[in-house]
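Residue numbers (our numbering), protein chains in the order written: chain A, 1221 to 1733; chain B, 18 to 385; chain C, 320 to 736.
Simulated from the structure, these hints should not be mistaken for lab results.
Predicted, not measured: the structure shown is a model, and the values here were computed from it.
Certain hints may be false.
Stated by the list, open to error - Capping the alpha-carbon separation at 30 Å, the derived lysine-lysine pairs in DSSO-like fashion look like this: (1) K1287(A) <-> K349(B); (2) K693(C) <-> K1374(A); (3) K1233(A) <-> K290(B); (4) K226(B) <-> K1287(A); (5) K1549(A) <-> K617(C); (6) K1425(A) <-> K474(C); (7) K170(B) <-> K63(B); (8) K1425(A) <-> K508(C); (9) K1287(A) <-> K139(B); (10) K100(B) <-> K1242(A); (11) K1428(A) <-> K617(C); (12) K1434(A) <-> K508(C); (13) K1425(A) <-> K638(C); (14) K358(C) <-> K444(C); (15) K358(C) <-> K427(C); (16) K434(C) <-> K1428(A); (17) K1287(A) <-> K63(B); (18) K1428(A) <-> K690(C); (19) K1588(A) <-> K589(C); (20) K1549(A) <-> K696(C); (21) K427(C) <-> K1588(A); (22) K1549(A) <-> K690(C); (23) K1374(A) <-> K434(C); (24) K270(B) <-> K1287(A); (25) K1434(A) <-> K474(C); (26) K1348(A) <-> K690(C); (27) K427(C) <-> K1549(A); (28) K693(C) <-> K1434(A); (29) K1374(A) <-> K696(C); (30) K703(C) <-> K617(C); (31) K703(C) <-> K1428(A); (32) K1588(A) <-> K690(C); (33) K1434(A) <-> K565(C); (34) K253(B) <-> K1326(A); (35) K1242(A) <-> K108(B); (36) K693(C) <-> K1549(A); (37) K508(C) <-> K1549(A); (38) K434(C) <-> K1715(A).
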Amino acid sequence: MALEVSGQIIAGKTGQILAREKAGGEIEIGDLLVAEEDGGYVILQAYELVYGSQVPQLVRELLAGMKLEGMGADLDFLEPQLRNYVIAQIKALLRVGKNNELKIPKTLPKFFSTIRHVAEKDLLFLTKPRSPVYLGKVRSGSKVLDVDVYVNGKDMLTHHVLIPATTGRGKSNLVKVMLWSVLAQDCLGILVLDPHDEYYGRHGKGLKDHSTAKQNLLYYSTNPVPGTNTLVINLRSILPSHFQGIVEFTDAQHDAISLYYNRFRDQWIENIVRGTDIGDAVAPRTLEVLKRKFDNVLGVYIDDSGDFQCRSGVFSDTAGLATTREITKALEDGKKVIIDTSRLLDEAELLIGSIISGGIFHRYQSYKSEGTLEEKPVVSVVIEEAPRVLGAEVLAARGDNIYSTIAREGRKFKVGLIAITQLVSLIPRTILANMNTKIILGNELVAERQAVMESAAQDLSSDDRTIASLDKGEAIVSSNFTRFAVPIQIPLFEKYVEENVQPKEKNKTVFVG
Amino acid sequence: MSAEISKRIAEFLDLKIEEDDVGQPYFGNPDYELLPFAPANFVPIKDVEPNIRTAFVDGGNQEILGAPNFSAQINRIYFNIFKGRDRILPKFLPRRIEFYSVTMSDFRNGEIFYDTRVFPLKFEFEGLVPDQLLSFSSLDRTVTLGNQRADIKHVASVPRRFAEWEFAKHVIENELEKGDMIVHDGSLQTSFTDEHTCLTRAFETTMEKRVIFAGISKTSTLFTTAGLSLLGAVQKLAEDYKVKSPWCLPIAKVANVKHNAFIYVVKLHESAKYVFRFEIYGEQARRMSEEDFCTVTSALASNSKDISFPGYPYGLIDADSFARVSGDEVDKYQVPLVSEISKLGKWKKVSRHICSGDAHSMLDVLKG
Amino acid sequence: MFKFAHFADCHIGANRGPVLEKLELAAFSKAMDVCMQEKVDFVLIAGDLFHANLPDMYVANEAVKKMREVRDAGIPIYVIYGSHDYSPNGTSIIDILDSTGLIKKIVKGEDVDGKLRLAVFTDLKTRAKLVGISGRKAGLERNYFEMLDREFLEKEEGFKIFAFHSAISELKPEFLAQMESIPMSLLPKGFDYYASGHVHRRTEAGFAGYERVVFPGVLFGGYSRDLEDSAKGEKRGFYLVSFDEKVEEVKFMEVSVCDFEYFEYDVSDKNSVQAKKDLLDKLREIEAENKIAVVKIKGELSGGKTSDISSSEIRDLLKENGALDVIINRYGLISRDYSSVRAMGEDVPAIENRLLRENIGAVKVSIEELKADKGAKLAQDLLKVLRQEQKLNETKKDYVERIQKHALNTLGLGDEG
């Protein structure tokens, strides 16, 4: 059955083809359209819509005035569909040849060819790759096609992912859907720093509901749900390098830290917090400032009884010795680890992420030198409000941190970032250029859209309006690993989970002990 | 223009356009039987869905290459069919035909004659365009302006007129049924020598098929005995008599060789700014019942509700846009013709005659 | 004011040599004597009292005699299974002793609406409430914890003790990061004391909702690592807990039955001949008389074989110098010339674990339980079972049957409920 025509190409140039919409053709911004050619077809996308009319504008203004003022009640445009219409500005995205070979279009579609809305059969080349990460279904305008969009997880995560969006556009929902789709895959280890405690599913549906959650998901929180882990990290797991780029120290403080570390090794923080005297090398004032700083950042101090305390309960001098090792081991086993940082201050959250990411990064560096890196799963770190660690100002003021190091060099060692941000413009281009997959959600800020478009894997220069008009749950996947910038509809996580949850068997247990 | 002068002109116009007594229709030709203005003569047009189809025919032409001794023109004749607001697609005929017409000067019998030959653009247009050679003496009063020899350009536009009548005949034969109507853009009065013959053939067909042949003129140079424009005077009367629109006012009847019609003035919509001269072929109008007349005028009115031009049939708006040959299109036709002339090696000869004509275009170029 | 003693991981029967076996029993005996001296109101042993569910009869007998004394002194002994003395079908020595009334196993539970409801035992004298979950092999008790009806236990009033035999993720030492463990959140909140075992290193910790979680560590030591730690200064013993309505004091009671001498030697940059000579020279100088000598040899020999450094020579030398016994840890010793599989781990179980994990991928199986970590753990557990030796007075037929039964149970193919 021939698919219905929605318009006809009437003019334009490459990147700005003009097509007249057929009455009722209902071309939307972002719509994917197809122009057939000899044996193949071109996939196009509408990015701008303008009114066209055979009637001059001044006349139209007058006529509208007549109607508005109640004159000529029975007057209307005869054959309105012929005389007033919509012109769609479209661009060619992909050419599919006779033998389904895919190419970037370098010529215009045939002049005056008709166009139609894309159909599922036109997108058969979107196959499910290895280590698939599910993103959603193909979207044409606001219509959702039954074509799933997957990206190769190993490639995508190694080459970093940026998720730019303003509040309320569905960033967390997207990440949840992605994580759900890879939860059972042990070739991808993912660390999630969760500042809003929204991924596990403490109240409501979450990753915990996945059928393999028991084996593949770890959750750490200062207020753990039964069966999950308490987030507690021993001070001995913290090295001075973990603070790099996260907390600023003066030179004198740096020196003091070095001295304490050299003297007390892994008990350096405890001794600073206790104020252990190491002679004149460290000025008392410097020591006091350091104590206060550790109190601010880590929440650690000595109480009146001389006992070590932590305000957040996260850092301890007795417990949590195996935490970071357990987490890095889990990541190396391809598991997904969620760290609930909702009750932590920014710096503490980043520090914990720094400790774990640094740990895995250095381990992977050594695997590479040993020649065993290939056997290891890719590890990715999900970090929200990425400019806190990737922002140009932050990097200029504090220098590189583990996150920026991963952003720049992680690819070589199979360690990546999934950076979520509202303000892409704050991240330097050199880092943005390394983030080879951008899952672009709606953004009403012009400067942010500009920054995203400038660093995208495909030419999105004409997509400003398309991005501005993205509704909640709608996105564009611009990636080195997709043939074109794919518009998608991300499913609502709760619905997606419903379709994928397996009912748990309830057998009566015989207790032996 | 200074404000003072403008004021004086405005006062002069006001003084001279005296509407207290609009007078009576004046044709200046005894063949026209005039019907007096009277409020009772205004016939209301009913707003009903038509049950007849109406075809509209219009033509356009443009010179593509010209000199004092020849003129090559591109001509278009177009038609459409509506039933009220709804377009009806034609069954047999192409909606538009195009042909070149080349008019050449020829000296014979001691006089300059202008002879036109027609070249249809497509094979399928043959038989639909006039196939006889049209010929006019350069002193033929029907084509001259004053005492001057007729301009060949003006004569070259005549074939289009003939083609309109010819094509109308084909439309009636092939696309319309009894009771339907065909509306020509312009009056049913012929001007040129032998033009009436062509129209008569169309009239005969229309009588055979019992299709109403009508015409609507966008312009009119008719007057009243008070020196006022006829159309303006009728509008004033309608306002004075508070006649409810749409309406139709019979004006005159005529039945001579060149003009056989009943003439009316119509206002086809209450929001219409314009009124138009409307004619029905005399032989038909004479026999038409009140009901039939009502059907005809209602059909026209129901097609005149387009908001872009209330009161003017949409069919004619459409026909005009498709029949017209715009200046922008001239190149499209000119270039291949010039190219062929050049291929024959005759461009120098032809261009000599082009340059012997109007040098205005050169001045235009210099002006920039 | 009341008192109880909290022990764990006595691992009676773990040590084979006559000296260590004797010391092991001596440690147990001494600990029990302290309990009687302190007039504790009860003793709580949080698992692995014995090293096997059917230990050597001689050591079992000696231990039982001591426990009889304690019992006769009016001190109840409350026990849970550990991962070693556990039995899936109630045929552990623990059950036998429980049947005789010598000890009381405080683990009982049933499935109530899909949740595990544990029975609460009340000590008659102190009215202390005791609840326990036994340890199982490979951390399988985790399933029970996940099903636990915590709410029921949290509502229980009075002075409460929760006994269990599992590593706690938040509290295990770094070198045990890979050990199976349960997160703290699986324990019921609000108990006055959490008496644990299984991790051989002593730990006391407190968390919100879990005021006192205590691992006493081994009493003497069943693995070479335990003895190494002891030799490095780790104190061994048990805890004495004073309480009334709340815990008043938690005191560690050291139990020392011998001295240790620890010696570590790095062979790096030496060949086997040089290393051996140097090592033996140095060993001659250490004071190992009447001590357990623990020798750790590590590093990469630049030449020669690792077997050139003879353990028996080292042992003979030290024994000549009066050492009570000699423990040699040479798992970190490798040779550049003869490098075999490089196992990063310092004792047998860790090495076995790593080797199995590394190589399990090469085995093509379709059953999920046999793949990856699960499969490696199962293999390791099976090895443990198969390694068990024939007991004294056990016929060959009985031995074979016993091993087969345990092996099948380990594989989940036996009668294990």
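Now the hints, each set against the structure:
For the given pair, K1287(A) sits about 40 Å from K349(B) by alpha-carbon distance, which is inconsistent with the 30 Å threshold. For the hint pairing K693(C) with K1374(A), the CA-to-CA distance comes to about 25 Å; that is within 30 Å, so the pair holds. A distance of roughly 43 Å separates the Cα atoms of K1233(A) and K290(B); the hinted pair therefore is violated under the 30 Å criterion. The suggested pairing of K226(B) with K1287(A) is violated, with an alpha-carbon distance near 41 Å, which exceeds 30 Å.
Our distance criterion of 30 Å between C-alpha atoms is met by K1549(A) and K617(C), whose separation comes to about 25 Å. For a cut-off of 30 Å, the pair hint linking K1425(A) to K474(C) stands: about 28 Å separates their Cα positions. At most 30 Å may separate the alpha-carbon atoms for a hinted pair to count; K170(B) and K63(B) exceed this at roughly 44 Å. The hinted pair formed by K1425(A) and K508(C) meets the criterion: a straight-line CA distance of about 25 Å does not exceed 30 Å.
Only pairs whose Cα atoms come within 30 Å are accepted, and K1287(A) paired with K139(B) is rejected, the gap being roughly 44 Å. Of the pairs offered as hints, the one joining K100(B) and K1242(A) holds, with about 23 Å between alpha carbons and a cut-off of 30 Å not exceeded. A hinted pair counts as satisfied when its Cα atoms are at most 30 Å apart, and K1428(A) with K617(C) does not qualify at roughly 44 Å. For the given pair, K1434(A) sits about 22 Å from K508(C) by alpha-carbon distance, which is consistent with the 30 Å threshold.
The hinted pair formed by K1425(A) and K638(C) fails the criterion: a straight-line CA distance of about 65 Å is larger than 30 Å. At roughly 13 Å between alpha-carbon atoms, K358(C) and K444(C) fall within 30 Å of each other, so this suggested pair holds. The straight-line distance between the Cα atoms of K358(C) and K427(C) is roughly 28 Å, inside the 30 Å bound, and the hint therefore holds. Restraint check: the Cα-Cα separation between K434(C) and K1428(A) comes to about 19 Å, which is no more than 30 Å; the hinted pair holds.
For the proposed pair K1287(A) and K63(B), the alpha carbon gap of about 23 Å is at most 30 Å, so the pair holds. Only pairs whose Cα atoms come within 30 Å are accepted, and K1428(A) paired with K690(C) is accepted, the gap being roughly 23 Å. Note on K1588(A) and K589(C): the hinted pairing holds, with a Cα-Cα distance of about 29 Å set against a maximum of 30 Å. Distance check on the hinted pair: K1549(A) and K696(C) sit about 16 Å apart at the alpha-carbon level, within 30 Å; holds.
A threshold of 30 Å between alpha carbons decides the hint, and for K427(C) with K1588(A) the separation of about 51 Å lies outside it, so the pair is violated. Annotation: proposed proximity of K1549(A) to K690(C) holds, straight-line Cα distance about 18 Å (limit 30 Å). Between K1374(A) and K434(C), the direct Cα distance comes to roughly 40 Å. Violation of the 30 Å bound is thereby established for this hinted pair. The straight-line distance between the Cα atoms of K270(B) and K1287(A) is roughly 39 Å, outside the 30 Å bound, and the hint therefore fails.
Between K1434(A) and K474(C) the alpha-carbon distance is near 28 Å, which keeps this suggested pair within the 30 Å criterion. Annotation: proposed proximity of K1348(A) to K690(C) holds, straight-line Cα distance about 26 Å (limit 30 Å). The suggested pairing of K427(C) with K1549(A) is violated, with an alpha-carbon distance near 35 Å, which exceeds 30 Å. Restraint check for K693(C) and K1434(A): the C-alpha separation of about 13 Å stays at or below 30 Å, so the hint holds.
The straight-line distance between the Cα atoms of K1374(A) and K696(C) is roughly 28 Å, inside the 30 Å bound, and the hint therefore holds. With a CA separation close to 26 Å, the supplied pair K703(C) and K617(C) stays within the 30 Å bound. Taken as a hint, the K703(C) and K1428(A) pair is broken in the structure, with Cα atoms around 34 Å apart against an allowance of 30 Å. For the hint pairing K1588(A) with K690(C), the CA-to-CA distance comes to about 26 Å; that is within 30 Å, so the pair holds.
A threshold of 30 Å between alpha carbons decides the hint, and for K1434(A) with K565(C) the separation of about 36 Å lies outside it, so the pair is violated. This hinted pair does not check out: K253(B) and K1326(A) have alpha carbons roughly 65 Å apart, beyond 30 Å. Distance check on the hinted pair: K1242(A) and K108(B) sit about 23 Å apart at the alpha-carbon level, within 30 Å; holds. Distance restraint check for K693(C) and K1549(A): the Cα-Cα separation of roughly 15 Å lies within the 30 Å cut-off, and the hinted pair is therefore satisfied.
Simply put, K508(C) and K1549(A) have alpha-carbon atoms about 28 Å apart, close enough for the 30 Å limit, and the pair holds. For the hint linking K434(C) to K1715(A), the alpha-carbon distance of about 29 Å falls within 30 Å, and the restraint holds.
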